[in-house]
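All chains, full assembly: derive it from the sequences and hints.
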Amino acid sequence: MTSFDLQASRSYDRRATRLLKGLYRHITADVDRTATRGATVLDIGTGPGKLLTHLADRRPDLRLHGVDLSPHMIALAAGRLDRRAELVVGDVTGLPYPAASFDVVISSLSMHEWPDVAAAATDIRRVLSPGGLLAIYDALQCRADDFRTCPHFRAHLAHAVRPEPALRNR
Numbered sequence: 660m661t662s663f664d665l666q667a668s669r670s671y672d673r674r675a676t677r678l679l680k681g682l683y684r685h686i687t688a689d690v691d692r693t694a695t696r697g698a699t700v701l702d703i704g705t706g707p708g709k710l711l712t713h714l715a716d717r718r719p720d721l722r723l724h725g726v727d728l729s730p731h732m733i734a735l736a737a738g739r740l741d742r743r744a745e746l747v748v749g750d751v752t753g754l755p756y757p758a759a760s761f762d763v764v765i766s767s768l769s770m771h772e773w774p775d776v777a778a779a780a781t782d783i784r785r786v787l788s789p790g791g792l793l794a795i796y797d798a799l800q801c802r803a804d805d806f807r808t809c810p811h812f813r814a815h816l817a818h819a820v821r822p823e824p825a826l827r828n829r
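Taking our numbering, the leading residue of the sequence shown gets 660, the next gets one more, and so forth.
If you're looking for bench data, these hints aren't it; they were derived computationally from the structure.
Each hint should be verified, as a subset may be incorrect.
[What the hints assert, rightly or not] Just the calculated beta-carbon pair ranges, DEER-fashion: (1) D720 to V747: 19 to 29 Å; (2) G697 to D741: 30 to 40 Å; (3) V748 to R722: 11 to 21 Å; (4) R696 to P774: 14 to 24 Å; (5) E745 to R717: 14 to 24 Å.
Glycine included, every Cβ here is placed at the ideal spot set by N, Cα and C.
Right, here's the structure in full:
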């Protein structure tokens, strides 16, 4: 998995502001529509915290958490979120959370960087509450509406997440 240094983190932050605002609004609307009041949400590969900022602004009732491999990205996110989310440096294959900690796990434009998708799926399943919602937005590994047949996720997550029509058919 790629860990961004300080210069790369700042560059990504500038690009994300310009290029990904629409995607973050779309994901925020999906989470808003599906997350129950007070749900605990984990953003894997949170980067500079843009998505968590959108979620915190729209749904202040959510308990937000973000994890990223880069300490520089976490520092940018912490400055932006001003304690509205708990942020930690960590790897998707060894998430620093207890089992069944999250009602919603999301990841946007991160999965294509995971070197061991099967190990990541195993750990995501571990931290996702039974019946929780997993939403991965990425262009490469497998389509969201095909995730149950994607070889990386089929064996690890298919029975662990609830199908959500609003997200399943994207």
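Hints versus structure:
In this structure the supplied range 19 to 29 Å holds for D720 paired with V747, their Cβ-Cβ distance being about 21 Å. Between G697 and D741 the C-beta distance comes to about 20 Å, which lies outside the given range of 30 to 40 Å. Under the hint 11 to 21 Å, the C-beta atoms of V748 and R722, about 19 Å apart, fit the expected range. Look at R696 against P774: about 37 Å separates their beta carbons, and that is not inside 14 to 24 Å.
One distance hint, 14 to 24 Å for the beta-carbon pair E745 and R717, holds here, with the actual separation near 18 Å.
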